[in-house]
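Participant: Position chain L relative to chain E; hints supplied.
If you read the protein sequences in the order shown, they are chains E and L. What the first sequence shows, in my numbering, is residues 996 to 1271, in sequence order. What the second sequence shows, in my numbering, is residues 996 to 1271, in sequence order.
These aren't lab readings, by the way, just hints derived from the structure by calculation. Mixed in with the good hints, there may be bad ones.
If several chains are the same, the list does not tell them apart, and a pair holds so long as it fits within one copy or across any two.
[Claimed, not checked] Here are the computed lysine-lysine pairs in the BS3-like style, where the Cα-Cα straight-line distance is at most 25 Å: (1) 1008 <-> 1146; (2) 1167 <-> 1007; (3) 1133 <-> 1167; (4) 1133 <-> 1072; (5) 1071 <-> 1135.
There are 2 protein chains.
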Amino acid sequence: MTNDFLISEIRKKDSFLCIGLDVDLNKIPKHLLEVEDPIFAFNKAIIDATNHLVVAYKPNTAFYEAYGIKGWKALKKTIDYLNINHPEIFTIADAKRGDIGNTSAMYAKAFLEDLGFDAVTVAPYMGKDSVEPFLSFKEKHTILLALTSNKGAFDFQTQIIDNEELYKQVLKTSKSWEYSDQLMYVVGATKAEYFKEIRKIVPNSFLLVPGVGAQGGNLQNVCKYGMNEDVGLLINSSRGIIYASNQLDFAEAAACEAEVLQKQMKAILYENSHSV
Amino acid sequence: MTNDFLISEIRKKDSFLCIGLDVDLNKIPKHLLEVEDPIFAFNKAIIDATNHLVVAYKPNTAFYEAYGIKGWKALKKTIDYLNINHPEIFTIADAKRGDIGNTSAMYAKAFLEDLGFDAVTVAPYMGKDSVEPFLSFKEKHTILLALTSNKGAFDFQTQIIDNEELYKQVLKTSKSWEYSDQLMYVVGATKAEYFKEIRKIVPNSFLLVPGVGAQGGNLQNVCKYGMNEDVGLLINSSRGIIYASNQLDFAEAAACEAEVLQKQMKAILYENSHSV
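Only chain E is shown next, with the shape it has when bound in the complex (with noise of 0.2 Å):
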């Protein structure tokens, strides 16, 4: 998928919510139990009551790997699912992988071409050589970590090097590699504040946001600092709508969810084609 197809899914449908498909069967409805795939059960259930409000869906892969074989199969279940019946939602391996050069290139090919996800979100510590084979797939998109969203952030990526800190090397450094215009980077919404710098250094680039609702980060202060013309945020929730309720009606709970987020973002989009 081309960023300008993103960006246009992103108007047509007023909203940039990404919804974070992190399956955990200790958590999803009972009844889901007895079927005989309940991961994609679930998943499909979701999908079907929530893709007319998201431009995005992001299953992390560890929630499916550790279920095993019978995750692997209920992931790929579910990205074919949402390659056939969807191809307008733009969809993001949540892997957080990154090796040395031949061994990324097999992730890559895992995830982009045989599993046939739009984007892969990938680790930056290795440097260069372990981020490019993610980036030489054509319209496929490779979704750096930069800031994140959890605790563990300030041990290093706020640390400072040459009086900048290191998450801001990351987006320095890897705007010079190769087909970096298809990079995109993970920056947490816990710390709204830091948009504002991260945009003088990516002003174009999407950003991809997790931590909005369970994670207590607030969508107003992310789009007053984040926002670019093309909107450039995609803004990810699991747990607050997937989880909406664990009853027979937890799908349309999900929706009324995701709906809040939508007409909050659809308000955030009027308001800001009013200023501009």
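Facilitator: Frame of chain E, contents of chain L only:
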């Protein structure tokens, strides 16, 4: 597996060799492609031929994910085969994972409990709460990326923070984490001169050293600067051993290559025991 058990195996076998089981169907002998599970057949033959020469095996998960569900089945069969037939062997899932706490916990359970690996490699970029879930498993080990063997290691890992390279900050900071005695570290063999400095910070920890062989690292130098009185090193070789031949004799050829390294290790251990 405890550190003491691993050390006793190293002493018993006069070896601190780890073989990387990075199976690429384009590189294995053609005749194996006709069997039902070529990846497992290849691994089984390599393990059967080399287990007396090594103390550890390290499948890199990228090579298995690249083959989807088939790959995960082969990974599971490989670790099951090792755990049943060679419980004395230290097994490492080279996964380089790392995510927010509750998600890291899913990865930790998948690799250390469900698959039953002794250790898993983890990326440090997301800090303490992304690593500690891995450390909470008793008699299991978390192998943190410190200084990797690729060119991209110089992009961020060797950048200076507070007068000290980032990878040294990773070593120091991680020592304060809960159950840090279960930490080991990845240190690339391509930079033997760094081991001296690293040993000042983590004198007692095991170091997993990739990059001997195909990536050009030198065993003598690594041991000179990196070995401690409990040996404290696991030297990994992948391509140089497992692809020594792509003919019918591939397992014997792999054993020959492994034996070359094991004999060098034996000589180094003998020298050291007489110089102390």
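Participant: Evaluate residue 1071 and residue 1135 at a C-alpha cut-off of 25 Å and name the case that applies: within, between, both or neither.
Facilitator: Classified as within: same-chain Cα gap 18 Å, cross-chain 30 Å, threshold 25 Å.
Participant: Quick one: residue 1167 to residue 1007, C-alpha cut-off 25 Å, is that within a copy, between copies, both, or neither?
Facilitator: neither (32 Å within a copy, 50 Å between copies)
Participant: How would you classify residue 1008 and residue 1146 at a CA-CA limit of 25 Å: within, between, both, or neither?
Facilitator: neither (33 Å within a copy, 43 Å between copies)
Participant: Go through the copies and call it for residue 1133 and residue 1072: within, between, both or neither, with a Cα cutoff of 25 Å.
Facilitator: within (23 Å within a copy, 35 Å between copies)
Participant: Could you figure out if residue 1133 and residue 1167 sit no more than 25 Å apart (CA to CA) within one copy, between two copies, both or neither?
Facilitator: Within one copy, since 22 Å is at most 25 Å while 40 Å is not.
The structure is inconsistent with the numbered hints 1, 2, although it conforms to all the rest.
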